[in-house]
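Sequence lines, in order, name chains A and B. Take any residue in the first sequence, count from 1 to its spot, add 59: that is its number in this note's numbering. Take any residue in the second sequence, count from 1 to its spot, add 18: that is its number in this note's numbering.
It should be emphasised that the hints constitute simulated quantities derived from the structure, not laboratory data. Here the structure is a predicted model, which is why all the values come from computation and not from measurement. Glycine included, C-beta positions come from ideal geometry on N, C-alpha and C. Hints may contain errors.
Derived contacts from chain B toward chain A, CB cut-off under 7 Å, selection only [unchecked claim]: (1) Cys72; (2) Thr201; (3) Arg208; (4) Gly211; (5) Leu219; (6) Lys230; (7) Phe240.
Pair by pair, the computed Cβ-Cβ distance ranges are [claimed, not checked]: (8) B/Gly164 with A/Val93: 24 to 32 Å; (9) A/Val243 with B/Val169: 44 to 52 Å; (10) A/Ile168 with B/Val57: 43 to 51 Å; (11) B/Leu61 with A/Ile168: 46 to 54 Å.
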Amino acid sequence: MRSFWDVSGSFTPMAIVLIPIAVAINAGLHFITVFLNLPIYLDTIGTILAAILAGPWVAAVAGILTNVVVGLVTTPTYIPYAITNAAIGITAGVLVYFGFYRHWWTAAIAGLILPLVGTVISAPITVVVFGGATGAGSDVVTAFFLASGSKLVAAVLKATFITALADKMISSIIAYAVARNIPVSYAAKFPGITRDHQAPVA
Amino acid sequence: MTVSGTSGTLFQAGASFVHAAHPTTKLLYAVVTIACSLVVTRLPFLAALALSVCVVLYLAGVWRAFLRATARYLVLLTFFLLVIQGLFREGPSAVLLQIGPASLKTAGVLFAASMVLRIFTMVGAFLVVVLTTHPADLVQAIEQAGASPRVGYLLLATLQLSPEMVERARRIIDAQRSRGLRTDGSLVMRFRGLVPLVGPLFYGSLMSVEAKAMALTARGFFTQRRKTWVRTLAHQPWEPAARIALGAVFVGVVVLRVLGWA
Chain A
60 MRSFWDVSGS FTPMAIVLIP IAVAINAGLH FITVFLNLPI YLDTIGTILA
110 AILAGPWVAA VAGILTNVVV GLVTTPTYIP YAITNAAIGI TAGVLVYFGF
160 YRHWWTAAIA GLILPLVGTV ISAPITVVVF GGATGAGSDV VTAFFLASGS
210 KLVAAVLKAT FITALADKMI SSIIAYAVAR NIPVSYAAKF PGITRDHQAP
260 VA
Chain B
19 MTVSGTSGTL FQAGASFVHA AHPTTKLLYA VVTIACSLVV TRLPFLAALA
69 LSVCVVLYLA GVWRAFLRAT ARYLVLLTFF LLVIQGLFRE GPSAVLLQIG
119 PASLKTAGVL FAASMVLRIF TMVGAFLVVV LTTHPADLVQ AIEQAGASPR
169 VGYLLLATLQ LSPEMVERAR RIIDAQRSRG LRTDGSLVMR FRGLVPLVGP
219 LFYGSLMSVE AKAMALTARG FFTQRRKTWV RTLAHQPWEP AARIALGAVF
269 VGVVVLRVLG WA
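My request is simple: use the sequences and hints to build the entire structure.
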């Protein structure tokens, strides 16, 4: 069994093929949430799943590609945030390593850690690359609240953050549930995973 | 995700000299232009760069596609940068415009303008490459320049699979609705709708991983030997000169900046 942290050993044929599929899963799930009109995105489940099956480096590449492809297909400004998604992939890998995806409630805790990392990495990118504005909806919120300084500010900012938290928590739990139902014979074909780091398999 | 054409990206077929150029020349153009936009600081130079990108987009015949892809975003960005920087930029500055209690400051507006021009230049130069180069050509050029074929596979496979997966999601939604799944109603109802939709998407796509890995291995994708290409990417006769010119422009811009003129 290869080490979880081994970079070049992570990219076996199965792992290489998994990456585009993980990215496509992100796109497919995002489509479903839009269709169901849900206030969450679920577009990191593929990345978390890649972390569970094949470790942090494969997940990081899946995260980067998610943004690069959205950048090439629709919105070029997503590309700088590839760094954020890479960090989320690596963090998910570390959380898998420490057994956070063995129970549904630890997976939920992992879901609390992921958006924190995301925010810490995204904020400087927004400031450095885009001078504080991204052209996204949250800018209106930022601008309005910089000005008003009312209690409403805190309320809406909180709401935004809670959405992000809920999104990553639900994503984490779904990724756990999926990984739990993957047969041992299938999961064993991926590199970097030892049984004791993975969700208990039914 | 919207898909245009058969390639899955924003690529627009065309017959311009930009389309005909070798992908590496176009990549060099994008890198030089983006680097220049980061090197220069003065507004006239930033405006000139942005204008040069407009000219290239026009000559390539892709400016409509460029606007379709970016106009909404660029307008929003300009507006928010003006508001955020114009109203809240720290430090003393002349007031450009007074609206009630809010004052639009000159320094902030100038900063916002240079930021918008810079972002426009970067997005535009990047889109010159994306809009005029078929993704397969781009990947082949990157591989011939020495990148691992795995990088090429990752990029192309992802571009192809993402729209496919959206299509698969659509089929799953149709199938489950025909079995009586409600996809409307209260928030709780809609959340419960996730379960029968998400499961098939995952397991269906995870099943295909192994088949694809075997297919690639059987075709010698993971061999260490040198590979050959079916198609050749041609260089235009003017390209060597264009590359030298691009290099010269970059050196010139750096010199101007060092001298403090740009």
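Do the hints match the structure? See the list:
1. Cys72: violated (16 Å)
2. Thr201: holds (6 Å)
3. Arg208: holds (5 Å)
4. Gly211: At 5 Å from the nearest chain A Cβ, B/Gly211 passes the 7 Å test, so the hint holds.
5. Leu219: Since chain A brings a Cβ to about 5 Å from B/Leu219, closer than 7 Å, the hint holds.
6. Lys230: At about 5 Å, which falls below the 7 Å cut-off, the nearest Cβ of chain A leaves the hint on B/Lys230 intact, so it holds.
7. Phe240: holds (6 Å)
8. B/Gly164 with A/Val93: 24 to 32 Å: violated (40 Å)
9. A/Val243 with B/Val169: 44 to 52 Å: violated (31 Å)
10. A/Ile168 with B/Val57: 43 to 51 Å: Distance hint for A/Ile168, B/Val57 holds at roughly 45 Å.
11. B/Leu61 with A/Ile168: 46 to 54 Å: holds (49 Å)
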